[in-house]
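From just these sequences and the hints, can you work out the full model?
If you want the building blocks of each chain, they are given just below.
There are 2 protein chains.
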Amino acid sequence: MSLIVQKYGGSSVADAEGIRRVARRIVDTKREGNDVVVTVSAMGDTTDDLIDLAHQITPMPEPREFDMLVTTGERISMALLAMAIKSLGYDARSYTGSQAGMITDSTHGDARILDVTPSRIREALDEGAIAIVAGFQGYSRDTRDITTLGRGGSDTTAVALAAALNADRCEIYSDVDGVFTADPRIVPKAHKLDRISSEEMLELAGSGSKILHIRAVEYARRQGVTLVVRSSFSNEPGTTVYIDNPEEENQVEEATIAGVAHDLSQAKITVVGVPDVPGSAAAIFNIVSQQGANIDMIVQNVQTQNDGVTDISFTLPKITADGVLKALEGARKEIGYESIRFDDQIGKVSLVGSGMRTNIGVSTTLFDALSKAGINIDMISTSEIRISIVTRADLVPEAARAIHAAFGLDGESEAVVYAGTGR
Amino acid sequence: MSLIVQKYGGSSVADAEGIRRVARRIVDTKREGNDVVVTVSAMGDTTDDLIDLAHQITPMPEPREFDMLVTTGERISMALLAMAIKSLGYDARSYTGSQAGMITDSTHGDARILDVTPSRIREALDEGAIAIVAGFQGYSRDTRDITTLGRGGSDTTAVALAAALNADRCEIYSDVDGVFTADPRIVPKAHKLDRISSEEMLELAGSGSKILHIRAVEYARRQGVTLVVRSSFSNEPGTTVYIDNPEEENQVEEATIAGVAHDLSQAKITVVGVPDVPGSAAAIFNIVSQQGANIDMIVQNVQTQNDGVTDISFTLPKITADGVLKALEGARKEIGYESIRFDDQIGKVSLVGSGMRTNIGVSTTLFDALSKAGINIDMISTSEIRISIVTRADLVPEAARAIHAAFGLDGESEAVVYAGTGR
Chain A
1 MSLIVQKYGG
11 SSVADAEGIR
21 RVARRIVDTK
31 REGNDVVVTV
41 SAMGDTTDDL
51 IDLAHQITPM
61 PEPREFDMLV
71 TTGERISMAL
81 LAMAIKSLGY
91 DARSYTGSQA
101 GMITDSTHGD
111 ARILDVTPSR
121 IREALDEGAI
131 AIVAGFQGYS
141 RDTRDITTLG
151 RGGSDTTAVA
161 LAAALNADRC
171 EIYSDVDGVF
181 TADPRIVPKA
191 HKLDRISSEE
201 MLELAGSGSK
211 ILHIRAVEYA
221 RRQGVTLVVR
231 SSFSNEPGTT
241 VYIDNPEEEN
251 QVEEATIAGV
261 AHDLSQAKIT
271 VVGVPDVPGS
281 AAAIFNIVSQ
291 QGANIDMIVQ
301 NVQTQNDGVT
311 DISFTLPKIT
321 ADGVLKALEG
331 ARKEIGYESI
341 RFDDQIGKVS
351 LVGSGMRTNI
361 GVSTTLFDAL
371 SKAGINIDMI
381 STSEIRISIV
391 TRADLVPEAA
401 RAIHAAFGLD
411 GESEAVVYAG
421 TGR
Chain B
1 MSLIVQKYGG
11 SSVADAEGIR
21 RVARRIVDTK
31 REGNDVVVTV
41 SAMGDTTDDL
51 IDLAHQITPM
61 PEPREFDMLV
71 TTGERISMAL
81 LAMAIKSLGY
91 DARSYTGSQA
101 GMITDSTHGD
111 ARILDVTPSR
121 IREALDEGAI
131 AIVAGFQGYS
141 RDTRDITTLG
151 RGGSDTTAVA
161 LAAALNADRC
171 EIYSDVDGVF
181 TADPRIVPKA
191 HKLDRISSEE
201 MLELAGSGSK
211 ILHIRAVEYA
221 RRQGVTLVVR
231 SSFSNEPGTT
241 VYIDNPEEEN
251 QVEEATIAGV
261 AHDLSQAKIT
271 VVGVPDVPGS
281 AAAIFNIVSQ
291 QGANIDMIVQ
301 NVQTQNDGVT
311 DISFTLPKIT
321 ADGVLKALEG
331 ARKEIGYESI
341 RFDDQIGKVS
351 LVGSGMRTNI
361 GVSTTLFDAL
371 SKAGINIDMI
381 STSEIRISIV
391 TRADLVPEAA
401 RAIHAAFGLD
411 GESEAVVYAG
421 TGR
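So the protein sequences, as listed, match chains A and B. Under UniProt numbering, think of the first position of the first sequence as 1, with each following residue one higher. Under UniProt numbering, think of the first position of the second sequence as 1, with each following residue one higher.
Keep in mind the hints are simulated off the structure, nothing from the lab. What you are looking at is a predicted structure, and each value in this text was computed from that prediction instead of being measured. One or more hints might be untrue.
Selected chain B positions facing chain A (in silico; Cβ < 10 angstroms) [unchecked claim]: (1) A14; (2) D15; (3) A16; (4) I57; (5) R64; (6) F66; (7) M68; (8) M78; (9) L81; (10) S94; (11) R120; (12) R122; (13) D142; (14) I146; (15) V309.
Glycine included, every Cβ here is placed at the ideal spot set by N, Cα and C.
This is how it looks when you write it as structure tokens:
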């Protein structure tokens, strides 16, 4: 008998009909002889509505109270889901993050999971019941307060429970059929992958793919949890994110290339005429990190002239750009640069695949495909299994399609494009 | 320095503006140098909306999950209220029933309070903070689950906290100015009372007055908590429900008559031709109580003929009538009665006043007033400080006005009639 953890996102439980649909699916899973644990998000736009309500009260809601407020969304959906399952004749009980043993630090709005002690869940399963757990929330022993887990919190709740309960797999349900070789909305010929390695999924998530939050993928990888990405609106088997074991000799090498991700959330800052002396780069990035900005790519121009200065470019999330620009402008004298250039019309396209490790011709094929499409490359960055290029934002769809085609990822028919939110 | 507990009902916190208004009032109370503890209901119709959502899922929601669901309403309002107070520059923290130490039995939907251990509230007050507590909910140590307190639960939460914290008073806020000598909607000349004894309030609440729930009044009386009934929409001082001490000789006798209550929620059942032998009445009421129906008035006709049978009439809440009628019909042979008459067009009007204890002419004045108004009396029931009569439902307003006038309760001007819900 398997133990399966299922996570249902807000779009799957958007209304009473959705809740009943999800309840039937859960019961089907139980009927197959499995132990079932479910984590659920708030219904539809509930969380946004609650945040809106808070902002009607004050522009800066107090963090402890804000967490108390927004966690009601998941409590509502978990209780309704348990009711629905019971009305189908199966025992189901809902548990808050606290009751489920999701212990976190006390950082409201962005709590880290410290420990997962799901003894009440275990008891419920032993009694043959289905356990429903509120996603996105935990409990701080220090302050005895409810906390929310920050971005990726709902997926991470599911993975953390799966790890703590030694689940056979963790199924993540949303309104998309699985992990695609690219975003079907910009690459119509993208197709759904049956399998992808955890390592590749991690790179895709870090390169702009919104299917799974990188935090959850990391947690799963670290804990050895197999993920399955599925749609709650169909019976498609979805995509299995399997735990790849580099030590294992028999590990069959999967498809050379997994897919293409794109990211339009970044901006580029170039610090022009930085004195080419030790410490300049450090000074710049010190200021940037003080702003709490997450830097993605860095390119320091290779010195060609002997003029003692260089240019340093880096990309960062657009929403953090303002603060960083102000801070850099304030530190002009200290760093001694000439000027700053800002570009928020960039886009990043990444090719991910474990096969890149051993296959030498990948970069050639990629640059060739882009060249044929007349797309100029602004920045390049690579990892063991990923190549990313930065180009003009409006050229991203074309670049993605060109790369996708060049690597044989185009499906036979056009992917069915959902207005899916992937939530 | 006083410790004041304030309870705000759903109509006071119906929207963001209401929450901010209540926050200002709370801050004003704090500014006067008091320790302030607030219990709050769910915003506006939130509880009804949640119940509706549950019924979209199933007609019979599982009790444990139902409590988990509906308690989110109070959590939302308490968090928003705490945010609002903080935005005014005062420290405020919200607490669930569990966090506030509201310990109950495990009867979901109708939990009894077993103990109140508000140590976290006490800590908050000692640190100078205002404590906001979610009303209508508690925690069962047995099952480690959240419970709701049933009817009157919100008012009772406030009173229970006031008792446990030894508060100087417990202010109950709604959208009405206080306790009136009658319901202004049927007796326009009703006026607001400045004071009323706890004993009189208990009788009024038990006779149909909806201002305070009888459960909360009983709790306050038992624990010696002074209540104040006020409107959150004005600065009127409201009505003080003082703890009367019958032992106290110096206790000044307050107004002879407190007011007139009416009750249109009852129906009358008459069991005709009951064998006039020991055990008949017991058999009837055994059946009735098995149905869980709360019997109000009982009249067994005085035997005038020697025919060995009598008629027994009793009143009970209309909503329980169906079940009782069916049960009685099923027990016809067993009891041996002739027939059953059912009347759901009755109404009860009650006159309440501590002065009735010593004043002999009260019943005369009452029956006289009704007679002059041409109102027929169907049933009569009395207690030490109350006289109730049952008449035709459509005559209730007239009866109430006649009695109100006869006892000098008419105010100089017409009471301002709010569309108040009293919630």
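Hints, one by one, checked against the model:
1. A14: 12 angstroms, violated
2. D15: For B:D15, the interface hint holds, since the closest Cβ of chain A sits about 8 angstroms away, which is under 10 angstroms.
3. A16: 4 angstroms, holds
4. I57: It holds, given that the least Cβ distance between B:I57 and chain A is near 5 angstroms, below 10 angstroms.
5. R64: 7 angstroms, holds
6. F66: 7 angstroms, holds
7. M68: At 4 angstroms from the nearest chain A Cβ, B:M68 passes the 10 angstroms test, so the hint holds.
8. M78: Hint holds; B:M78 Cβ to chain A Cβ min 7 angstroms, cut 10 angstroms.
9. L81: 8 angstroms, holds
10. S94: 6 angstroms, holds
11. R120: 8 angstroms, holds
12. R122: 14 angstroms, violated
13. D142: 14 angstroms, violated
14. I146: Result: holds, 9 angstroms to nearest chain A Cβ.
15. V309: 49 angstroms, violated
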